[in-house]
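Peer 1: The chain contents come next:
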Amino acid sequence: MTANLQRNVSETDDLLRLTDVHTHIGQYHILHGVSFRVPRNQVTMLLGRNGAGKTTTMRTIMGLWPAHSGQVHLKDRAIETLDTMTIARSGVHYVPENMGIFAGLTVEENVRLATRQNRFNQDRLTWVFGLFPALEKFWHWPAGQLSGGQKQMLAIARAIIEPCEILLVDEPSKGLAPSIIESLIRAFRELKDADTTILMVEQNFRMASTLGDHVAIMDDGCIVHESDMASFVADKDKQASLLGLSMEAHQ
Amino acid sequence: MFQSIRDTLPQSRILRGLLAVIVVSLLLAPFIFDGSRALDTAARLCIFIVLVASYDLLLGYTGVVSFAHTLFFGIGAYSVAIAFDHVAPGFGVLLVAVVVALGVSTVVAVTIGLVSLRVKAIFYAMITLAVASVATVLVSQLYLYTGGEDGMTYRIPRVLTPAFKLLDDKVLGVRINGKLLNYYLIFTVSTVLFLLMVRIVASPFGKVLKALRENDFRAEAIGYTTVYYRTAATVISACMATLAGVLMAIWLRYTGPDSVLSLNIMIDILLMVVIGGMGSLYGAIIGATLLVLARNYLNEAMGVAHNAFIDVPILAELFNPERWLLWLGVLFVVMVYFFPLGIVGRLVRGRADHG
Amino acid sequence: MTTQIQTLIKQLTKRGEPMADNSVSVQPLSHWHQNATVQSGLLLVAFAFIGFVLIPDPAAWMTLTIAGLAMGMMLFVMTSGFTLVFGLMDVLNFGHGAFISFGAFVGFSVMAMFPELIAAGSFWTHIGLFVLAMMGAAVVVGLLSWAFERLIIRHVYGNHLMQILITTGGMIVAEEMIYVLWGHEERAWLKPDSFQGSFQFGDFVFEKYRLLAVIMGVVLFILLRWVFTHTRLGLLIRAGVENREIVKSLGFNIEKLFILVFIAGSALAGMGGVMWGLYDEVITAHIGQNLMITVFIVAIIGGLGSIEGCFLAALMVGLLTNYVGFIFPKLALVSTLILMVAVLLWRPKGLVPVSKGDS
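Chains as they are written, first to last, in this note's numbering: chain A, 1 to 251; chain B, 1001 to 1355; chain C, 2001 to 2359.
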């Protein structure tokens, strides 16, 4: 009885769950059985060195690379065989590694494209402008003329303009100045306070440890560690052995 | 050299048989087939085999689609035509014309290569098509030298004409005259050129081309410069086509836009390469033969069907003997779709699958 | 002093890169002369001006300019679909020319159904017939292209070699089908009475049909521009040309979008075929094949995938062909080829390059 109850809780608690996912790109076998969970209303950090397979994992969840075997569950629904469009429509919103801004469209058009009815919900828009004031200022600019940080803000704004089940964010801090990273952290914290479920790939350990509730670490296409963030932050030995120099470099 | 050529022969026994039949028929054509029309077909076939194989050097071995191949064919033919018409029909003049033609073709091929390599590779097809059509326009505009749309008829060295008699008696019912010499000149030169191409493909150079076709990024990483090898392949292919054009001009004693430059010839070449098999020079022999046979005999079969359906409006038109290209076009699409490696690829792979 | 000048120069030359602390500006800072579309537009005007200088007789210049604009508009209608299909899906359709030919023949047949109206009708009936012929061509060619996409192009996504070969094959078959359906002879297609002739305005003579073609082209261009800038569909197409993966991740059906664009683009080619056929007053199965060469040149000059670039390049090619054709009649086609090479050496991605993926 108790066991049964517990399983129910854990099932409903995980918004996204990967089980033994294998992904091939061309002739290369990239993911070798990836399993981890993304708890609801929490921020899960996917960490690991370059080439560990983090971006491939994100793209596999999004259906941009087909999973060769294994399951991806969104709530209780298996989504690994669905196409990208259907996955996106089921509420998985994605901020890709290179932001994927449409440079020739204005900021407004970029965001409007992500709305469902081609119209803005004023409250939602005000909220997004509150998170990223720069966007309001440059609302009618071609997005290609924004700075790197502003493009990242635009990419995130595009992903949250409609309510979503889960937000996938691939390395938002990449190539940004520390002050911009601070403002991104503030924005993500606000999203977190609004109970958004987030799965984020990150190399910046400060950002990861401040924002994360849950953590999964990848190496060579496998998950080598999964726990809550607090216990991982406390365990210095584990950090050293799993993240090595990369963590210190960022600290 | 012969050993290395033998190594390139396809493994399939059916294919070897087919090739042997075609080559022997061409060798004995004057003695097996009756009439000047059959001889004419055989000579054109020899020339087209060289032309198609040279195109395959580009398409099959570098994966580049060019629509300017007839341009080089035309350069060869027009050089000879202009030289014979404006200077004199002689072998010395012919030699000069061939050298000039090869030079012009090389320059043009390098220029096209450099301009289109600056942009994306897919532009190549579009740019070559534009260049080829401009060349056609130029030829028809510069009629003082080229004869314009009508083309030019000229005399060729007398030893290559029917008027020149080698023996007074017939051998096996065939007159031994200049025309026969001409045919064997075409046959011999074509054979040599074809074997030369086979040799090039089997050489280390050919292996690099294949590597580039499979994965140019990796080949470049190993240290082969794509631009250099592609341009070299383009030039070799262009020169072979030029020589085929020279042969055409000698055989026909006529050169005009329709016989060497038109887009229809380009489409014929494409059909022959794809149906025969890309990436295997022997496919050129099969493809060219098939197309020539189809052109001569598909007509008749369609004529029968046409008469059978004469009362059904559209169906009858579908089988109108003039519409043979329609059916070859359908065959072409089906081949590209189902057997991208053509008949040769199919036969060779079919064997590999079973063995 | 020097530092002041340097700052000034820096301000003048800097690309409008917004800074986070920039509190005033709301409009893009980018200088108008750095805009590729504006530059190309100026180039076009320069073309017309050079023509004006080189052609001694203003009346002749005016006639040639109108003819060039008319030709340019028709080229634009024919090329827009080709360039969009490439931009959106990386599909190189060598069979596009066959759609032009088919359109011309369908339009011809539609018009031939109303001999009394052509003989007796007024200007407006003729306009109605013209539009009807274009609609008929658009519908038939649209259906045809739908089948073409399903049967042929769908299977060769992402493989340019196969695309070029298989669409060339499709073109051969389509052209032969025109022979089967409409016979082997070329067809004379006379303009209705009210489209023939010209009217005079001072020294200048305007041919009616050319003006009509210019107006039709402008209307179609404005319509297309409106779709692109004011509708969600247009927004999606522009976004898809830049980065189709992101469009998918935003939850859109990119395949459906592509089929739609493919059909619409082919329908436009068919309409262009009608306009061209009536302009030339003779149609053959080969017109598409012959026009394809110019279509390629226009698409490359404009920048594959760019609708503004396509429009400007089409007008440029139209003007150049007519001016050069007047001065050196033999070099018209050669001049467009030279223009293409010159543009590619200046801008390898064409006049108005489409930014692809990387922002």
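Hints should not be assumed to be uniformly reliable.
To give a feel for the contact side, a few chain A residues facing chain C, derived at Cβ under 10 Å [unchecked claim]:
| hint | residue |
| --- | --- |
| 1 | 66 |
| 2 | 83 |
| 3 | 84 |
| 4 | 89 |
| 5 | 90 |
| 6 | 94 |
| 7 | 109 |
| 8 | 114 |
| 9 | 129 |
| 10 | 130 |
| 11 | 175 |
| 12 | 178 |
| 13 | 181 |
| 14 | 185 |
| 15 | 194 |
Simulated crosslink set (DSS-like; lysine-lysine; CA at most 30 Å straight-line) [what the hints assert, rightly or not]:
| hint | chain 1 | residue 1 | chain 2 | residue 2 |
| --- | --- | --- | --- | --- |
| 16 | C | 2349 | B | 1210 |
| 17 | A | 75 | C | 2256 |
| 18 | A | 137 | A | 192 |
| 19 | C | 2349 | A | 174 |
| 20 | A | 236 | A | 174 |
Distance ranges between label pairs, derived from CB positions [to be verified]:
| hint | chain 1 | residue 1 | chain 2 | residue 2 | range |
| --- | --- | --- | --- | --- | --- |
| 21 | A | 162 | C | 2143 | 53 to 61 Å |
| 22 | B | 1024 | C | 2348 | 50 to 58 Å |
| 23 | C | 2114 | B | 1305 | 34 to 42 Å |
| 24 | C | 2131 | A | 177 | 56 to 64 Å |
| 25 | C | 2053 | B | 1111 | 29 to 37 Å |
| 26 | C | 2183 | A | 139 | 53 to 61 Å |
| 27 | C | 2348 | B | 1225 | 46 to 54 Å |
| 28 | C | 2215 | A | 139 | 52 to 60 Å |
| 29 | C | 2183 | B | 1304 | 16 to 24 Å |
| 30 | A | 98 | C | 2155 | 26 to 34 Å |
| 31 | A | 20 | B | 1210 | 37 to 45 Å |
| 32 | A | 123 | C | 2218 | 39 to 47 Å |
| 33 | C | 2204 | B | 1144 | 36 to 44 Å |
Hints listed in this document are in silico derivations from the structure and should not be mistaken for laboratory results. Everything numeric in this text was worked out from a predicted model, so none of it was measured. For glycine and all other residues, C-beta sits at the position ideal for the given N, C-alpha and C.
Peer 1: Taking the hints in turn, state whether each one holds.
Peer 2: To see whether the hints hold, each was checked on the structure:
no. : hint                          : verdict
1   : 66                            : violated, 13 Å
2   : 83                            : holds, 8 Å
3   : 84                            : holds, 4 Å
4   : 89                            : holds, 4 Å
5   : 90                            : holds, 9 Å
6   : 94                            : holds, 5 Å
7   : 109                           : holds, 6 Å
8   : 114                           : holds, 5 Å
9   : 129                           : violated, 14 Å
10  : 130                           : violated, 16 Å
11  : 175                           : violated, 12 Å
12  : 178                           : violated, 14 Å
13  : 181                           : violated, 13 Å
14  : 185                           : violated, 16 Å
15  : 194                           : violated, 21 Å
16  : C:2349 <-> B:1210             : holds, 29 Å
17  : A:75 <-> C:2256               : holds, 28 Å
18  : A:137 <-> A:192               : holds, 25 Å
19  : C:2349 <-> A:174              : holds, 29 Å
20  : A:236 <-> A:174               : holds, 24 Å
21  : A:162 <-> C:2143: 53 to 61 Å  : violated, 36 Å
22  : B:1024 <-> C:2348: 50 to 58 Å : holds, 52 Å
23  : C:2114 <-> B:1305: 34 to 42 Å : holds, 36 Å
24  : C:2131 <-> A:177: 56 to 64 Å  : holds, 58 Å
25  : C:2053 <-> B:1111: 29 to 37 Å : holds, 31 Å
26  : C:2183 <-> A:139: 53 to 61 Å  : holds, 59 Å
27  : C:2348 <-> B:1225: 46 to 54 Å : violated, 19 Å
28  : C:2215 <-> A:139: 52 to 60 Å  : violated, 36 Å
29  : C:2183 <-> B:1304: 16 to 24 Å : holds, 22 Å
30  : A:98 <-> C:2155: 26 to 34 Å   : holds, 30 Å
31  : A:20 <-> B:1210: 37 to 45 Å   : holds, 39 Å
32  : A:123 <-> C:2218: 39 to 47 Å  : holds, 42 Å
33  : C:2204 <-> B:1144: 36 to 44 Å : holds, 37 Å
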